[in-house]
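Residue strings, one per chain:
Protein chains: 2
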Amino acid sequence: MAARRIDGRRLWDSLMALASIGATAKGGVCRLALTELDRQARDLVVRWASEAGMTVTIDKIGNVFMRRRGRNDSLPAVMTGSHIDTQPTGGKFDGNYGVLAGIEVVRTLNDLGIETEAPIEVAFWTNEEGSRFVPVMMGSGVFARAFTLAHAYAAADVEGKTVQGELERIGYIGTEEPGAHPVGAYFETHIEQGPVLEDHGKTIGVVTGVLGIRWYDCTVVGMEAHAGPTPMALRKDALQVATRLMQEVVSCARRHGPHGRGTVGMVQVHPNSRNVIPGRVKFSIDLRNASDALCEAMDADIRGTAARLAAESGLAIEIVPVSAYPAQPFHPDCIAAVAAAATALGYSQMPVVSGAGHDAVYLARLAPAGMIFIPCKDGISHNEIEDAQPDHVTAGCNVLMHAMLEMAGVVS
Amino acid sequence: MAARRIDGRRLWDSLMALASIGATAKGGVCRLALTELDRQARDLVVRWASEAGMTVTIDKIGNVFMRRRGRNDSLPAVMTGSHIDTQPTGGKFDGNYGVLAGIEVVRTLNDLGIETEAPIEVAFWTNEEGSRFVPVMMGSGVFARAFTLAHAYAAADVEGKTVQGELERIGYIGTEEPGAHPVGAYFETHIEQGPVLEDHGKTIGVVTGVLGIRWYDCTVVGMEAHAGPTPMALRKDALQVATRLMQEVVSCARRHGPHGRGTVGMVQVHPNSRNVIPGRVKFSIDLRNASDALCEAMDADIRGTAARLAAESGLAIEIVPVSAYPAQPFHPDCIAAVAAAATALGYSQMPVVSGAGHDAVYLARLAPAGMIFIPCKDGISHNEIEDAQPDHVTAGCNVLMHAMLEMAGVVS
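In order, the protein sequences belong to chains A and B.
Quick note, the working numbering runs 1 ahead of the 1-based positions in the first sequence.
Quick note, the working numbering runs 1 ahead of the 1-based positions in the second sequence.
To be clear, the hints were calculated from the coordinates, so they are not data collected in a lab.
There may be inaccurate statements among the hints.
Claimed, not checked - Computed Cβ-Cβ distance ranges for the label pairs, DEER-style: (1) GLU297/A <-> VAL137/B: 38 to 44 Å; (2) GLN390/B <-> GLU297/A: 49 to 55 Å; (3) PRO272/A <-> GLU297/B: 36 to 42 Å; (4) PRO272/A <-> GLY202/B: 46 to 52 Å; (5) ALA181/B <-> PRO272/A: 39 to 45 Å; (6) ALA317/B <-> ALA312/A: 23 to 29 Å; (7) VAL137/A <-> ALA317/B: 31 to 37 Å; (8) GLN390/B <-> ALA234/A: 45 to 51 Å; (9) ASP218/B <-> LEU45/A: 31 to 37 Å; (10) ALA325/B <-> THR163/A: 54 to 60 Å; (11) PRO352/A <-> ALA325/B: 51 to 57 Å; (12) PRO272/A <-> SER274/B: 36 to 42 Å; (13) VAL137/B <-> VAL137/A: 26 to 32 Å.
As the list claims (entries may be wrong) - Calculated cross-link-like contacts (lysine-lysine; reagent style BS3-like; alpha-carbon spacing at most 25 Å): (14) LYS27/A <-> LYS283/A; (15) LYS283/B <-> LYS237/A; (16) LYS162/B <-> LYS283/A.
Predicted model, so just to flag it, every value in this text is computed and none were measured.
Yeah, the Cβ is synthetic: ideal placement off N, Cα and C, and Gly gets one too.
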């Protein structure tokens, strides 16, 4: 069993060929969802799938399913996939790796003459990045009925072009009802987009789940006054109160470890003048953790600290929720299959969580799901310098193949 | 002696008449330096001075000196003054009060038939506000040789119009060499522009000096990374380090009380995105205190904390001085004259410092100087809603008259 290996060179060559569509001067890829470049990339992947003997169906939101028959073809498919749209200054691996790893698995099964009990499918989901159209993870979101097809169709880019219109224009508006496609299990291979595997020197991240996310806008209102004539005791300095709450965002995440995350990414100071005590400070809060209960506990901590700071300072502090995603643990069977595959193949591994969203989050609502992470250089992603080592790319794909075979069953 | 009182109604009427030149809809004044409106205001004040029997000289930077003879007219004048230019959204009292209080003193001396030993002069200094041309306190700065006439002449507004050209255009470029004018003592009456007198319920602030100012730009450089996939322990969050230093700016000012002031007024976060850990934060630091030694001690504290935070976090912290003004204590004789006048007149009083710069700061380099503060509503200045009570306006002017008579000597 462990002797079955994918062709790492073929996979790498496919990645580089796909990355040439929308290639940027700095070595990245700019291929926004539903553009002409996206169409070219879709056509290439579909051609590869056809060449590998797969059949192709497209649903109404443009998700593409490429299928290799199983011996018992009425079983729900063991599916893998990801996305091939990129950020405006994206890299070669984000999303594309997960799709082409699936294609490579099928090519290898063909080469080795392996038949599976359940069918194998490789999917690419429309507009995962959300750079051109919101919401993000659009195709998998419609598929999982997180929001309606009509909502997605109506989404428009800055020029007013809609998702529906652009799907029609590039010829990827299918006939299948989104979500009608049965899924037996779902795996997604992805670069980590963080620094943990590299920091620990591990090849495979066995992803146990995706962090829940809470976004807020916080506003502290004090009183503008001249920096010179106003003694410290008579100030209502909005920034000084805001910075204490910003500190708490980080402290709170550390207290609720190991997966707690707290970030203030955006700050706006009014009037933002060198010699004026700030009268109003608005800032974003991003809280994440591995369970909804932990997210809730962090929410309570932040609100408690804000209430205490407001009482102490006499300044008004308002915290407004902006959006929230529940934590999504992956299925024990899928987690176990990934871990067992890595062990059988002799790769170093560790359990990790995903701090970012992926299509697998929505698929996990429909079927047992799991993810496989490989390291990316310096943890950098959503950047043209995003990079991954060929050995790691190969290893992740081998793990994917073994985990899928475990779930699909090999006809002996 | 204490029975000599100015005419508060006449002073108030003059203030309101001057405020009508450049009056704004919200009750303030917009009369930028060396504009047509400034010329109209200058002409009005000069006319009032002439009507009060004063002689007028103008120096090359447009400072105007209005003189009432003394019995011994060769003595250096006991001078008072301020400015009549305003902020774009300025109030009726800032500067204007100090000039018109001087005019009212002369009118009162005329009414009461009082002759002084030394001559009395009332000055208004060009471009104190610095809203249209930098540097601020331009006229008094050239007069005190803080910078050259050529430097001031070359200053241009956003349209490229220079101070020299605008002085010529409005007819206020004089022939006297700036600084050639002898000054025996200088007083300046001003609204406090802060909340201290109002907070203490006092009518007269006996100003003991002007705080020294240190301005810096501070930059903290970390590493941008995604808020989701990056665990707390692997972050280089520039904002979290910056906010600790921002806290220290305030703590440091409190430690170096009672006159220590520390303000972060301006903050710029990069890339300023909700789900990206800030990679770079730039912010301003404004430190003030009553002596240069205390300013120096605060500087050392901030730099020490920055060095400690840099060592602890591994992030680079750069602190660049932007500008500095030395602390300027006022002359004991002038401070005593103001305090004695307030006592003799029966006004409540307290010693205060000025946290903002005034023309008196430069004059104090040339002659014994002092200032008289009166409360302003809610400590608000540089704002169209700037306000002062008629009783306080009258009180400050009475104190000015008695202090000037003390220094000039009354011919009995």
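Okay, the hints, checked on the actual structure:
1. At roughly 53 Å, the beta carbons of GLU297/A and VAL137/B sit outside the given window of 38 to 44 Å.
2. With their beta carbons about 53 Å apart, GLN390/B and GLU297/A fall inside the hinted range of 49 to 55 Å.
3. Checked against the hint of 36 to 42 Å, the C-beta distance between PRO272/A and GLU297/B comes to roughly 29 Å, which is inconsistent with it.
4. Hint check: PRO272/A to GLY202/B, Cβ distance near 30 Å, so the stated range 46 to 52 Å is violated.
5. Taking the beta carbon of each, ALA181/B and PRO272/A are about 41 Å apart, inside 39 to 45 Å as hinted.
6. For the pair ALA317/B and ALA312/A, the beta carbons lie near 37 Å from each other, so the given range of 23 to 29 Å is not met.
7. The given range of 31 to 37 Å is respected by VAL137/A and ALA317/B, whose C-beta atoms sit roughly 33 Å from each other.
8. A hinted range of 45 to 51 Å is violated for the C-beta pair GLN390/B and ALA234/A, which are about 23 Å apart.
9. Checked against the given bound of 31 to 37 Å, the beta carbons of ASP218/B and LEU45/A, roughly 50 Å apart, lie outside it.
10. Take ALA325/B and THR163/A: their Cβ atoms lie about 58 Å apart, and the range 54 to 60 Å holds.
11. Between PRO352/A and ALA325/B the Cβ separation comes to about 55 Å, which falls inside the hinted range of 51 to 57 Å.
12. Checked against the hint of 36 to 42 Å, the C-beta distance between PRO272/A and SER274/B comes to roughly 23 Å, which is inconsistent with it.
13. Here the CB-CB span from VAL137/B to VAL137/A is close to 50 Å, at odds with the stated 26 to 32 Å.
14. Pair hint LYS27/A plus LYS283/A does not hold up; C-alpha atoms about 35 Å apart against a cutoff of 25 Å.
15. A C-alpha spacing of about 22 Å is found between LYS283/B and LYS237/A, which places the hinted pair at or below 25 Å, so the restraint holds.
16. Restraint check: the Cα-Cα separation between LYS162/B and LYS283/A comes to about 38 Å, which exceeds 25 Å; the hinted pair is violated.
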